[in-house]
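J.: Kindly produce the complete structure, drawing on both the sequences and the hints.
Protein chains: 2
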Amino acid sequence: MEKLVVKGFSAAGVAAGLKEKGKKDLGLVFSQVPANVAGVFTRNRVKAAPVLLDRERIKSGVCQAVIVNSGNANCCTGDQGMQDARTMARLAASELGISEDLVLVASTGVIGEPLPIKKIETAVPDLVRSLKPEGISGLARAIMTTDTVPKKVSREGHLEGKTFTVTGVAKGAGMIRPDMATMLCFVCTDVEAESEVLKETLVKAADRSFNRITIDGDTSTNDTVLVMANGLSGAAIQSPAHKNMFQKVLDEIFLDLAKQLVRDGEGATKLVEVIVRGAESDTDARKIADAIAHSPLVKTAFFGEDANWGRILAAAGRADAAVDPDKIDVYFDDVQMVKAGMGCGKTIEAEATKVLKKSEFTLAVDLNMGHESYSMYTCDFSVDYVKVNADYRS
Amino acid sequence: MEKLVVKGFSAAGVAAGLKEKGKKDLGLVFSQVPANVAGVFTRNRVKAAPVLLDRERIKSGVCQAVIVNSGNANCCTGDQGMQDARTMARLAASELGISEDLVLVASTGVIGEPLPIKKIETAVPDLVRSLKPEGISGLARAIMTTDTVPKKVSREGHLEGKTFTVTGVAKGAGMIRPDMATMLCFVCTDVEAESEVLKETLVKAADRSFNRITIDGDTSTNDTVLVMANGLSGAAIQSPAHKNMFQKVLDEIFLDLAKQLVRDGEGATKLVEVIVRGAESDTDARKIADAIAHSPLVKTAFFGEDANWGRILAAAGRADAAVDPDKIDVYFDDVQMVKAGMGCGKTIEAEATKVLKKSEFTLAVDLNMGHESYSMYTCDFSVDYVKVNADYRS
Numbered sequence: 001m002e003k004l005v006v007k008g009f010s011a012a013g014v015a016a017g018l019k020e021k022g023k024k025d026l027g028l029v030f031s032q033v034p035a036n037v038a039g040v041f042t043r044n045r046v047k048a049a050p051v052l053l054d055r056e057r058i059k060s061g062v063c064q065a066v067i068v069n070s071g072n073a074n075c076c077t078g079d080q081g082m083q084d085a086r087t088m089a090r091l092a093a094s095e096l097g098i099s100e101d102l103v104l105v106a107s108t109g110v111i112g113e114p115l116p117i118k119k120i121e122t123a124v125p126d127l128v129r130s131l132k133p134e135g136i137s138g139l140a141r142a143i144m145t146t147d148t149v150p151k152k153v154s155r156e157g158h159l160e161g162k163t164f165t166v167t168g169v170a171k172g173a174g175m176i177r178p179d180m181a182t183m184l185c186f187v188c189t190d191v192e193a194e195s196e197v198l199k200e201t202l203v204k205a206a207d208r209s210f211n212r213i214t215i216d217g218d219t220s221t222n223d224t225v226l227v228m229a230n231g232l233s234g235a236a237i238q239s240p241a242h243k244n245m246f247q248k249v250l251d252e253i254f255l256d257l258a259k260q261l262v263r264d265g266e267g268a269t270k271l272v273e274v275i276v277r278g279a280e281s282d283t284d285a286r287k288i289a290d291a292i293a294h295s296p297l298v299k300t301a302f303f304g305e306d307a308n309w310g311r312i313l314a315a316a317g318r319a320d321a322a323v324d325p326d327k328i329d330v331y332f333d334d335v336q337m338v339k340a341g342m343g344c345g346k347t348i349e350a351e352a353t354k355v356l357k358k359s360e361f362t363l364a365v366d367l368n369m370g371h372e373s374y375s376m377y378t379c380d381f382s383v384d385y386v387k388v389n390a391d392y393r394s
Numbered sequence: 001m002e003k004l005v006v007k008g009f010s011a012a013g014v015a016a017g018l019k020e021k022g023k024k025d026l027g028l029v030f031s032q033v034p035a036n037v038a039g040v041f042t043r044n045r046v047k048a049a050p051v052l053l054d055r056e057r058i059k060s061g062v063c064q065a066v067i068v069n070s071g072n073a074n075c076c077t078g079d080q081g082m083q084d085a086r087t088m089a090r091l092a093a094s095e096l097g098i099s100e101d102l103v104l105v106a107s108t109g110v111i112g113e114p115l116p117i118k119k120i121e122t123a124v125p126d127l128v129r130s131l132k133p134e135g136i137s138g139l140a141r142a143i144m145t146t147d148t149v150p151k152k153v154s155r156e157g158h159l160e161g162k163t164f165t166v167t168g169v170a171k172g173a174g175m176i177r178p179d180m181a182t183m184l185c186f187v188c189t190d191v192e193a194e195s196e197v198l199k200e201t202l203v204k205a206a207d208r209s210f211n212r213i214t215i216d217g218d219t220s221t222n223d224t225v226l227v228m229a230n231g232l233s234g235a236a237i238q239s240p241a242h243k244n245m246f247q248k249v250l251d252e253i254f255l256d257l258a259k260q261l262v263r264d265g266e267g268a269t270k271l272v273e274v275i276v277r278g279a280e281s282d283t284d285a286r287k288i289a290d291a292i293a294h295s296p297l298v299k300t301a302f303f304g305e306d307a308n309w310g311r312i313l314a315a316a317g318r319a320d321a322a323v324d325p326d327k328i329d330v331y332f333d334d335v336q337m338v339k340a341g342m343g344c345g346k347t348i349e350a351e352a353t354k355v356l357k358k359s360e361f362t363l364a365v366d367l368n369m370g371h372e373s374y375s376m377y378t379c380d381f382s383v384d385y386v387k388v389n390a391d392y393r394s
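Top to bottom, those sequences are chains A and B.
One point on numbering: in the numbering used here, the residue at position 376 of the first sequence is 376, and numbering is uninterrupted.
One point on numbering: in the numbering used here, the residue at position 288 of the second sequence is 288, and numbering is uninterrupted.
Please keep in mind that the hints were generated in silico from the structure rather than gathered at the bench.
Please read these numbers as outputs of a predicted model, since none were measured by experiment.
Among the hints, erroneous ones may be present.
Pairs of lysine-lysine, BS3-like flavour, derived with a Cα cap of 30 Å [stated by the list, open to error]:
| id | chain 1 | residue 1 | chain 2 | residue 2 |
| --- | --- | --- | --- | --- |
| 1 | B | 387 | B | 358 |
| 2 | B | 354 | A | 346 |
| 3 | A | 118 | A | 23 |
| 4 | B | 387 | A | 346 |
| 5 | A | 119 | B | 21 |
| 6 | A | 387 | B | 354 |
| 7 | A | 199 | A | 259 |
One side only, chain A facing chain B, incomplete, derived with CB under 8 Å [said to hold, decoys possible]:
| id | residue |
| --- | --- |
| 8 | 78 |
| 9 | 221 |
| 10 | 255 |
| 11 | 343 |
| 12 | 386 |
All C-beta atoms in this analysis are idealised placements derived from N, C-alpha and C, irrespective of residue type, glycine included.
T.: Structure representation (structure tokens):
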């Protein structure tokens, strides 16, 4: 827990009554000095009010606090929604005694219902009073929707003998797919970095992590990933080598959170890394990995612990990419199940089934056509996924 | 039942032991004279052996019989699979006393296991003995995999005072999506038509039916749609007006079968027509309909009978098409749930929920941006979909 603390940052999560049963649903992260900031947001054309607000404000490159609620997405809420997002920021700014422009906002939850701004207004004083350096755990809990566990991770890095800390929280569960869907991720670090450097490393890290995961192929209106750097560690990014060092730490943080998201995907019981190699082009590798990782038939077979490789080949075949069925090899971890497009028999299948019974394994598809590869993380598709999503609002 | 009979055609379905419990799994359709034929096949790059064989044979434009099995897809089965497909045709041809080249083959079932050709060999004599004009019902049953009911339909048409009949059977259930996935469809007619005319009308009819349905977004290695016309009714297609008349009947046959497929989708409890209108372009309308019709979150909401329109807007927004969220209207049947991107309130939602409780309804999304439209048929995504597919092979 200690490790989560980042110099100069405090955080909190409280219950404002947006979710049922007194669950935490309002979170705040605050830096004692203005921090440089960078962000990436959903590419869905339907964007929630807080996303629209943040995209404007983040142009300054500076931010001192983020207020976030779960239980309501403040999306498809019209002018009132934009007003509510601004009000939410103003309430936090006022209580913190900082400029309103330095506050970003995020929301997640049901789309199309008015944000209960009164409940938020009532809760903000308590939220600010609750701020503490180790409060990041409360924040991780306050942003959960159908997540079953909070997601957080912390790493240290070193620059010229100085140590910096990077801590991140995220929420996911449903509506996850490449291009970052229904996910929120907030990362704080005490490294000193220009906002341009933050943006560049953030985009790369997201491409290597959040953009490679899928739960159900749906994407959200509210996705937001923010990195704030307040420089208070004294470690500063001043050279390409420094930037690479920071990139490495940020990559680890993002990938760790991304895997936590998939592992806790709605109804998920398995985390599967899908690796496509031997493709003629990077695009082909990506298309095939995408088709396999999203296939409901492949994902239900994972849930059924069934080494149904025919479904994997069928998914690869419809990916609109160069594939020669007679060349394909398929492996579950190190068990080769398919050689040159044909099954390796019942004995091998029994071995493969053992792999599928694990909670985490690798599915590798070698096209044997070229030298490009791509990997993604997916989960299985379970009875509980349907139950969770059929009942979500009731 | 009588109505199913097409002059000069007979059909049969028997149990050859490919499926468990004595279920019918081997079917045959036979024309007493060689018929003109046209077909469309899966565009999946992984193609089953019978598809590869048929694509060659159909170039002649003539066919007299189709033999088809369920329980095994004869796909990813290498050279042996191609041999087995040929053998299957030869067995039927020999027993029928016709040329091997006049027999087409289809298979559906599990991928990657050798076709039990011996069982088929044993059953063929009985299959041919069972041929009868009303045997189309047996054929409809013999091609079922996870289908719960056989799909068949029959229509009459009239040309210059002469009556012709068109009868079709189909199987679907899973792996259905635009571009025709895991489906087989065999249509017989006693109209007289050139194979080029059959091909042209078949492609149009498929585009208006099978290419507009989705169950799970997966596609198959075995999809086959065949139309055979033996000319024995005396009604002949000899003018553009005749062709239009035949097209109309074929469209009805295909659309009826397509809707039967979705209605009986794996685990499906609802048939939903998704209509996108007011789009700037046909492509945009198609992309948005596709995104909504495939969205697991939308489909699970249908299952939950939850008028969760936010998920519909979110799916529209990620379709990579021109969308202005503030202009979107959404209707369930004639209940307007969303006006200009915002919900119409709880009273209306109660009305919409009543629509969602129906087993068939329409979801219309009006983008209010242009004049193009597109429609698709989809089903809900249920707990049973997952159960069916997790257990399919066991």
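J.: What are the numbers of the hints that this structure violates, sorted from low to high?
T.: Hint check: 2, 5, 10 fail, others pass.
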